[in-house]
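Model the placement of chains B and C on the given structure of chain A, informed by the hints.
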Amino acid sequence: MMKALRQEAAKLLQEKRAALIIGFAEREGHPALFISKPEDCERLFYDVSCRQNLAAYLSKPEVSARRPVAIVASLAALRSLVVLTAESQAAPGQVLALAVDKDAFLGTFDVAGAAELLRSKYPDLGPEKALLERVGELSKKSVVERAAFWAEEFAKCTRCYACRAACPGCYCARCIVEKNAPQWVSTAALGHGNYSWNIMRAFHQSGRCTLCGACEAACPQGLPLMVLNAALDREALEEFGARPGYDPEGKPVIGSWSAEDDHSYMR
Amino acid sequence: MNDDLYKPFLLRIETARDEAPDVRTFRLKFADEGERVEFFRRYRVGMFGLYGVPGEGESTFCVASPPTREGYIECTFRKVGRVTQALQDLEVGQALTFRGPYGSHFPIDSWKGRDLLFIAGGIALPPMRSVIWNILDRRAEFGKVTVVYGARTTADLVYKHELAEWAARPDMTLVTTVDPGGQTPDWKGKVGFVPVVLKELNPAAKNCVAVLCGPPIMIKLTLPVLSALGFSPKDIYTTLENRMKCGVGKCGRCNVGGVYVCKDGPVFTLDELSRLPAGDM
Amino acid sequence: MKTIEIGRFSDLAQALSTAGYRVAAPVDDGGVVRFKEWTKGREIALGAVPVDSVKDFLFPRSEVVARFALEEAGAFTPVPVERFAPKTVALGVRPCDAAALAALDAVFNWDYRDGSYNARRAATTVVSLACAKADAHCFCISVGGAPDGTAGADAILRPADGGSKLVFEALSDKGRLLEAMVSDGQAVPDAPAALKKRFDPAAVGRWLAANFESPFWKEAALACLGCGACAYACPVCHCFDLQDESDRKECRRLRNWDSCGFGLFTLHASGHNPRPDQSARWRQRVMHKFSIYPQKFKTLACTGCGRCARLCQAGMAIAETCERIEALGR
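These protein sequence lines map, in sequence, to chains A, B and C.
Counted from 1, the first sequence has number 406 at position 28 by my numbering; the numbering is strictly sequential.
Counted from 1, the second sequence has number 188 at position 180 by my numbering; the numbering is strictly sequential.
Counted from 1, the third sequence has number 170 at position 169 by my numbering; the numbering is strictly sequential.
Just chain A, with the same shape it has in the complex (with noise of 0.2 Å):
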């Protein structure tokens, strides 16, 4: 696997289809790699435990510098990239995927290759079972109990933004938190901005997060924001019909209406 990954990615840089590789190194915690020579390949690795989205690099100002780019691509990245597209934000023709899932390399994939790949093989991607439990167990509790329970959570957020940089889909150039006038959100490390802060996070993804799970694994105060994740995206798939990332073309439900919309919370 990790054979045809090196070729395929030295071939697209031969053929200049690539002038960036972005991938994943061997070395312990397995960081970002960024290669622009063929025989500098060999480095390349994968495998789950590579927990990166690299499609967030995309947004990158020196990483879009330097297009074409090709990404080692997950499955998630691969709906990421969708996502990107879907919202104007990957130039198309400018970035390919080297896609990946678990232990098998699947090829190169353009945007509109990828979307048909998922389509056609991964068709209903979701949230793993056990999170889904997880979701499910909070569920069971009263909202004062899931509001206790979150509190204790988002206190020991530190407002790094861990989560924010590792995630594709925040790619604003000035991010909701950081607009001052007003101030919408608190900046301090506190109670309520800093619950403010991860539920407008997790909001904003809905319908939109791909579950790549990067953003949890960003977090050094181990934050379980996939729970969060997960729980939107079963609602934003529920009430919406929305399953991001498969169509390049798809208006994100966060950003759309339809008169066909559930109106029915306006009384």
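Hints listed in this document are in silico derivations from the structure and should not be mistaken for laboratory results.
The model shown is predicted, which means the values in this text are computed figures rather than measured ones.
Any given hint could turn out to be false.
Below 25 Å or equal to it, Euclidean Cα-Cα: the simulated DMTMM-like pairs (lysine to aspartate or glutamate) are [what the hints assert, rightly or not]: (1) B/Lys271 - B/Asp243; (2) B/Lys271 - C/Asp112; (3) C/Lys299 - B/Asp11; (4) B/Lys228 - C/Glu214; (5) A/Lys534 - C/Glu38; (6) C/Lys219 - A/Glu406; (7) A/Lys557 - C/Glu251; (8) B/Lys37 - C/Glu73; (9) C/Lys198 - A/Glu404; (10) C/Lys297 - B/Glu280; (11) A/Lys415 - C/Glu321; (12) C/Lys299 - B/Asp272; (13) B/Lys15 - C/Asp57; (14) C/Lys175 - C/Asp106; (15) C/Lys134 - A/Glu406; (16) C/Lys198 - A/Glu406; (17) B/Lys271 - C/Asp106; (18) C/Lys219 - B/Asp288; (19) C/Lys297 - B/Glu249; (20) A/Lys381 - A/Asp488; (21) C/Lys297 - B/Asp11; (22) C/Lys219 - A/Glu417; (23) C/Lys37 - C/Asp57.
Only chains B and C this time, still in chain A's reference frame:
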């Protein structure tokens, strides 16, 4: 020494004057006499302060009045962000918070007996105005005083009433200019960019100190003119701006290379600036 | 000799608590070890380097530094801020975190003295814990520290008898005040963790001072995603923001942690940004720790705790950067 670093002085707005579009001057009185005395004990021209509106925050800019006027301080600032907007929304009689004076100052005592050339562009006259008035209030101690001041348009010239006063003074020379196209039909000053006007003026560099403040492009184009006139980098002074929060060398954001603008600056000679990494400005 | 059975370590915390101290210690908090206020019954986790350090108790994430009562029509009255500086014992502080206090003391006291920091510093007794183990990210030995270093500590606990006991040694008057709470005993101290020197900080500093514009920075910072995880976890990083927050009755002026890694950190209101990209920000981080700080305060702003690298999602490792810099300087 007071170690309650973020406890501000209280200043009350005595007068407010519009200088140019979005540019306003406040004359501010100290609410507390002890604080006034403390301020003037430390204040020298070129130092800055943090002006604040509770609920909105603090903003950094210079003190625009000289230490020779001990009853008040004045500041002139442009509305660019949340805090400066809130400051401009304040009315005469209302209070604001102030921390300062902080930073380095223009060493005017070492300029005694020398000619002085001030070159300013647009909103950069305020940090220089305190120096000019300080010099004029101690006029006999200095040689020739020349001020070259330019703005984009006549509307953008600040301190218009004072420019008239300076123009009428026999003991100084004032040259005002606006960029081509920025003049009104009744404009009596020059038309042209500051570096060009300075070149025409051809001031003598011998025994002269130049103080230069303005937008980066003006500074960039004026420095070669000063150099050609024979000014040494040690005799050219300017003042830097950088984003600041604490003003007292702790919050970590205003450094240019190893130099903290809030502590080592904001006043620098060109000689000092040339040793800083340009890529950090 | 003063010794403590490792299994009875919480007894010391309890004794200190009873004596009126606030106790801070590494505590297992749902799988993550945090350096936080100890409360009765909590297990103290001495085995792992906590994600937070003692810094949080001296320079908290968020602190009110000025307060104003808001009145009608924009009028306000300043309200004095009470200093929060309870008598505290920080237990089980890693030697690298204790060493960081010298760097914090320097910045909070050059010229202008920060009263609230100093009050907490004076009220805190630092009891460090020598490291018998180190991981791949630890590099204290490369930056002038040691796994059993005593800098910044009022007392040190040294693992002994194969890790079953701790030997308590007072290092200052504050530390000696605690001696009475530890019983006499005998134990053979264990060897401190073995670490290899990875780079010479002086050589790194020399290269940094001469290579501000090196192309190295562009390439070295590619992986950095611009979050604040490294700065917030760092026992030395102390950059902050001041922010006003108010309700109808009161405004609180807050000092919040901030990071040079954030794009908005140096952004001018005009839109100009002196550090427009991540390479300029990563350069600032490395420069500040290994060039600017030592020039200004005669101490490095890095104590080799390795937290930044341990926590970085993108694998940015400052020790590795220093190794590469040293190689460039050869």
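Each hint tested on the structure:
no.	hint	result
1	B/Lys271 - B/Asp243	holds (21 Å)
2	B/Lys271 - C/Asp112	holds (9 Å)
3	C/Lys299 - B/Asp11	holds (23 Å)
4	B/Lys228 - C/Glu214	holds (20 Å)
5	A/Lys534 - C/Glu38	holds (13 Å)
6	C/Lys219 - A/Glu406	holds (23 Å)
7	A/Lys557 - C/Glu251	holds (21 Å)
8	B/Lys37 - C/Glu73	holds (21 Å)
9	C/Lys198 - A/Glu404	holds (23 Å)
10	C/Lys297 - B/Glu280	holds (17 Å)
11	A/Lys415 - C/Glu321	holds (22 Å)
12	C/Lys299 - B/Asp272	holds (17 Å)
13	B/Lys15 - C/Asp57	holds (22 Å)
14	C/Lys175 - C/Asp106	holds (17 Å)
15	C/Lys134 - A/Glu406	holds (18 Å)
16	C/Lys198 - A/Glu406	holds (19 Å)
17	B/Lys271 - C/Asp106	holds (18 Å)
18	C/Lys219 - B/Asp288	holds (14 Å)
19	C/Lys297 - B/Glu249	holds (21 Å)
20	A/Lys381 - A/Asp488	holds (21 Å)
21	C/Lys297 - B/Asp11	holds (21 Å)
22	C/Lys219 - A/Glu417	holds (21 Å)
23	C/Lys37 - C/Asp57	holds (8 Å)
In this structure, none of the earlier numbered hints is contradicted; all agree with it.
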